[in-house]
Amino acid sequence: MIFNLLRLFLLPMLLFVALFSGQGLAETKQEIKIAYLTQEKQVPAALSNLEPFIADKGLQGALLGIKDNNTTGQFTGQSYFLKQEVVPLGADVKLAFSALLKEGYQLIIVNLPAAQLVQIQQLNNQALLFDVATRTDTFRQSQCLQDVLHILPSRAMRADALAQYMLKKRWNRWFLVVGATPEDELYARAIRRSAKRFGMKIIAEKKWLHSYDARRTAQSDIPVFTQVDDYDVLVVADEQGLFGEYISYRTWLPRPVIGTQGLVATAWHPTHEQWGAVQIQNRFKALSGRQMEEEDYAAYLAARAIGETATRTQSVDPTQVKAYLFSVRFKLQGYKGKPLSFRAWNGQLRQPVLLAAPTSLVVAPPLEGFLHPKNELDTLGYDQPETHCQ
Amino acid sequence: MEIKAILLSTLLLSASLATAETVFVTLEKDNAIAVVDPIAGKLIKTVYVGQRPRGIALSKDQQTLYIATSDDDAVIEVDANTLQVKGKLPSGEDPETFAINRLGTRMYVSNEDDNQVTVIDLSSKQAIQQVAVGVEPEGIAVSPDGKWIVSASETTNMVHWIDGENHEIKANTLVDPRPRALNFTADGQQLWVTSEIDGTLMVIDVASKEIVQRVRFSVPGLGQEKIQPVGVVIDDKRQWAYVALGPANRVAVVNAQTFEVEKYLLVGARVWNLAFSPAQERLYTTNGVSHDISIIDLESHKVTKSIAVGRYPWGVAVKP
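Residue numbers (the working numbering), protein chains in the order written: chain A, 1 to 390; chain B, 391 to 710.
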């Protein structure tokens, strides 16, 4: 309440100062227009009522990024505007994207699934796109998308982060359990790649084909399902969360679960507090009334990357923004203790990956000892020699 | 002969130490301050002060300790002798750290969550103004002549120059990412600022408000990403500056005339903040993760002692 009142008075006060005092608060000269493109999602089946469906994942992060940019902008004479384009379920995102291009938007934050990202990217001839949703490895390795920056860690980066920690723990023998969706298979592929890369042994791999009813499956089926040769950890690939949560505490052998459930590899987590993260967690909660999700973090970083460029170069031309984002001068503070930057070969944002249990942050790879000739963050995911992108 | 010399120097040392000072350390996770006798190398006691204490400083007459208890949204006043809480200042929300002008009349508080600096009149104990600054203000300092209050905002990546008279922002200096701490030289000519993410130390000329020097650090055998400069102090003669390097677990000794890094002193884990002894013959460091403080002898530039103090030591103040 007091907070709101303060804000009510502060804003006019600021405007007054900006207009009449001169030097400290610069007059607004440059407007930076950013678009946010997403589509409504069908509410998926939930495993539990603990986690309600969040319709505005991503958007709230973009809004916070714009707010932070505008706080800075009052000193640099820049103001940021976010155009929100939420395409209804079933409508065509291509039309919405074309309309944004026609309106002159050149910096677009895109929160769309992989297939739709490809569709709109093919129409693009002028804008720089910030992908805040996909984890798709092919976009980082073989099918690189021109003028698209990927903010979230790819599946390969996540799997490498897990593998680094497993290697450190010497939990080298993995039992891989894969769900039935195509995304689960992509996740499993990343796990297999990391296992090979870090010398892990997948002693068994099984596909989960059972039903998703806890009463029938969990207690009776999982002990049977998990009777394989001895292993150190069970790695589960279940991106939608349809069965993975049932595995912990029900396996035949007492073994930890990692992957998409149990110890998860993620860009952001509510338990993350280090490196100033508690500040942004608080700011986000105050703005949106909920916890910050991965897509929110990604959209926040996208908005902040644009803000950093505009602050330091005064430029909003997409070609120049891209050049700055790929330059060595660009160092983004992302609340993970290391400066974040972009990989020039595939547009992936370099970043530590958080390994988290439900209520505790375990570790944030890259871990000490995993060396790289250029940047240790590049020990996660597809490195330059491994990518076929130009 | 040698033994005699050592004995003599020990005697001299202990003689000079006869006027023992007291070191106060805020313990972020113990909700307390540690009271340390640095000469005896002993933790005397731990006193509960409030939730998440961070910034700490003494009043001009050395009789009052000001402590930012961040999660209580207050700066409290503690009697520096009895250690009883005497009062509370209207600090605004989430005060992290603060600075007091040389006259001892004004306090400037960083409100990290609100993007503000609160100005407190210490005689009336009233908040007289709130100044809107960039995102996540943290480091704050007052120039020796009181003309400037400088506030560093960690996410905006700027140093804001607030006029000491009317509290208007007169200028902004864009700095390297995530500026943490800053301090003026005693002559008021330079402002030294650290960047945690870029690993740099910047020296800003106060007259032009421009960065005139950039110091980089490198410790053999240690990854560059471990070097995250935080606290910085410069001695009164502007001969030496000392920079806490965070998870590098070292304090860098910088020649304040040539800007060369002369030495790296190994202290405790994740070294945060620094404070001189009154005569500047010693430096105290708070080591956040190893839960101790280190004492550096500034004559020899050697770490002489470390003292366990409690969980997550953050700020440090020294009472003569």
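By construction, these hints were calculated from the structure, which means they are not laboratory data. Since the model is a prediction, treat every value here as computed from it, not as a measurement. The reader is advised that the hints may include incorrect statements.
As the list claims (entries may be wrong) - Okay, the calculated beta carbon distance ranges per label pair:
# : chain 1 : residue 1 : chain 2 : residue 2 : range
1 : A       : Val278    : B       : Asp687    : 34 to 40 Å
2 : A       : Asn375    : B       : Asp427    : 53 to 59 Å
3 : B       : Gly578    : A       : Ser327    : 33 to 39 Å
As the list claims (entries may be wrong) - The calculated lysine to any residue pairs, modelled on SDA-like cross-linking and capped at a C-alpha distance of 25 Å, are:
# : chain 1 : residue 1 : chain 2 : residue 2
4 : A       : Lys168    : B       : Pro637
5 : B       : Lys616    : A       : Thr266
6 : B       : Lys419    : A       : Glu273
7 : A       : Lys67     : B       : Gln520
8 : B       : Lys419    : A       : Ala357
Glycine included, every Cβ here is placed at the ideal spot set by N, Cα and C.
A quick look at each hint next to the structure:
no. : hint                            : verdict
1   : Val278/A / Asp687/B: 34 to 40 Å : holds, 36 Å
2   : Asn375/A / Asp427/B: 53 to 59 Å : violated, 46 Å
3   : Gly578/B / Ser327/A: 33 to 39 Å : holds, 36 Å
4   : Lys168/A / Pro637/B             : holds, 20 Å
5   : Lys616/B / Thr266/A             : holds, 22 Å
6   : Lys419/B / Glu273/A             : holds, 13 Å
7   : Lys67/A / Gln520/B              : holds, 19 Å
8   : Lys419/B / Ala357/A             : holds, 22 Å
Violation of the numbered hints given earlier is confined to hint 2; every other hint is satisfied by the structure.
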